[in-house]
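Asker: Each chain, letter by letter, is given below.
Protein chains: 2
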Amino acid sequence: MNLSYNSSLLDSAVDHLSKLPGIGRKTALRLALHLLRADEDEAISLGESLIEMRRNIRYCSKCHNISETEVCDICSSPRRSAEVVCVVENVKDVLTIESTHEFNGLYHVLGGVISPLDGISPSDLEIDSLIERVKEDNIEEVILALNPTIEGDTTNFYIFRKLADYNVKISVLARGISIGNELEYTDELTLGRSILNRIPFSNTFSSK
Amino acid sequence: MNLSYNSSLLDSAVDHLSKLPGIGRKTALRLALHLLRADEDEAISLGESLIEMRRNIRYCSKCHNISETEVCDICSSPRRSAEVVCVVENVKDVLTIESTHEFNGLYHVLGGVISPLDGISPSDLEIDSLIERVKEDNIEEVILALNPTIEGDTTNFYIFRKLADYNVKISVLARGISIGNELEYTDELTLGRSILNRIPFSNTFSSK
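In order, the protein sequence lines correspond to chains W and U.
Residues in the first sequence are numbered consecutively from 0, following numbering that gives the first Met the number 0.
Residues in the second sequence are numbered consecutively from 0, following numbering that gives the first Met the number 0.
Isolated chain W, as found in the complex:
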């Protein structure tokens, strides 16, 4: 259904909105009509904030997280431990880990994971710059925090091999049963791993 909406301006807004992920033409039309009814200020400042964001946000030259400056706030903060680097797939994972308030080191955003099926090879990712950071900076530990998928595991292993020659501790996120979940509904693979990698009970008391 490629309706024309009597108005090239509405057409154009709907066309643009419907290019967003998960937004079809019907939803795009609903959003556009909402903006037409909404306060003029509200609609215009939405448009302006998107333009401002796209024009001015850059990527940190060190960790490749989004940033408004050459080096991002996390990388340049004196209060973060610069000797621990957490490797994540994308910018969103940085936000997710930050929201736990359990990590006080720096990040390294790969920009994806190795996936031959999608045509993503190690050279498409920020892996070389990670090796460079380990070589140049005084990094003691690299935490691999990729998604627990085949691609994530492959990428973990690739980085592990690449870093084998350097004097750096390499760890990976603990895998096990989710807090609040019931054993009955935990998949066998995860439950099996959580038995193999069981931890001293006393560790569960320790907090930051």
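Hints may contain errors.
To be verified - No more than 27 angstroms apart at the CA atoms, straight line, and that leaves these computed lysine-lysine pairs for DSSO-like:
#	chain 1	residue 1	chain 2	residue 2
1	W	168	W	134
2	W	25	U	91
3	U	161	U	91
4	W	18	U	25
5	W	61	W	134
6	U	18	W	25
7	U	18	W	18
Unchecked claim - For each label pair, taking beta carbons as the anchor points, the in silico distance ranges come out as:
#	chain 1	residue 1	chain 2	residue 2	range
8	W	120	U	38	14 to 24 angstroms
9	U	33	W	67	13 to 23 angstroms
10	W	120	U	186	53 to 63 angstroms
11	W	17	U	7	23 to 33 angstroms
As the list claims (entries may be wrong) - Facing chain W, a subset of chain U residues (Cβ under 10 angstroms, in silico):
#	residue
12	6
13	8
14	9
Source of the hints: derived by calculation from the structure; they are not laboratory data.
The beta carbon of each residue, even a glycine, is placed where N, CA and C say it ideally should be.
Assemble the complex: chain W is given as a structure, and chain U must be docked to it using the hints.
Answerer: Coordinates of chain U only, in the frame set by chain W:
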């Protein structure tokens, strides 16, 4: 969860996006990050098209449909029958009826329906301007095309009473079984009405 995203620009974009109907903060963040990864042109022209649309779209002074000019394209088209006016609740309904290609008259957008519970009274709607049009213009038929709800029916009846003194035919959208639906799943009220208001079989052959 009111995360801050390390960047006031991203924060602001997410805040604005999450004010849209049906878009929560998680979706807003996904959309914002998509725009950050997307072509700069694409993201900026989305923002610009929203601003352009909100600044330049007005409402037709005659039918209150969206328009880029004082009187909209439909109202000013010489190819439309100016003596038939279809009354609809909102701008979206104009688009929906236009998409059927079965109506060649003009519209009148009420801007809502009478709903005491939501505090919407007849004076909040474009009912007086409809009466005015019937009085001034040479209108022969008013088609009431509001949603078949209690509020829609109330509004239909209110308009019907208001127009009783004028020499104008007042019709309402046919109600009956949907084409392609099975009788078994049609609600009793609709099925009952479609029996009461049955039409000559020969009418079903007629086409525009």
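Asker: Taking the hints in turn, state whether each one holds.
Answerer: Evaluated hints:
Our distance criterion of 27 angstroms between C-alpha atoms is met by residue 168 of chain W and residue 134 of chain W, whose separation comes to about 13 angstroms. The straight-line distance between the Cα atoms of residue 25 of chain W and residue 91 of chain U is roughly 10 angstroms, inside the 27 angstroms bound, and the hint therefore holds. Taking the CA atoms of residue 161 of chain U and residue 91 of chain U, the gap is near 25 angstroms; set against the 27 angstroms cutoff, the hint holds. The straight-line distance between the Cα atoms of residue 18 of chain W and residue 25 of chain U is roughly 18 angstroms, inside the 27 angstroms bound, and the hint therefore holds.
Proximity of residue 61 of chain W to residue 134 of chain W is assessed by CA-CA distance (about 13 angstroms); at most 27 angstroms being required, the pair is judged to hold. A C-alpha spacing of about 18 angstroms is found between residue 18 of chain U and residue 25 of chain W, which places the hinted pair at or below 27 angstroms, so the restraint holds. Our distance criterion of 27 angstroms between C-alpha atoms is met by residue 18 of chain U and residue 18 of chain W, whose separation comes to about 19 angstroms. Separated by about 23 angstroms at the C-beta atoms, residue 120 of chain W and residue 38 of chain U satisfy the suggested range of 14 to 24 angstroms.
Between residue 33 of chain U and residue 67 of chain W, the C-beta spacing of about 19 angstroms keeps the proposed range 13 to 23 angstroms intact. Residue 120 of chain W and residue 186 of chain U have their C-beta atoms about 58 angstroms apart, which keeps the hinted 53 to 63 angstroms range intact. Between residue 17 of chain W and residue 7 of chain U, the C-beta spacing of about 28 angstroms keeps the proposed range 23 to 33 angstroms intact. The closest approach between the C-beta of residue 6 of chain U and any C-beta of chain W is roughly 6 angstroms, which is under the 10 angstroms cut-off, so the hint is satisfied.
Satisfaction of the interface hint for residue 8 of chain U is found here, the shortest Cβ-Cβ separation to chain W being roughly 4 angstroms, below the 10 angstroms cut-off. Because the closest C-beta pair between residue 9 of chain U and chain W is about 6 angstroms apart, less than 10 angstroms, the hint holds.
Every hint, counting from the list given before, is met by this structure.
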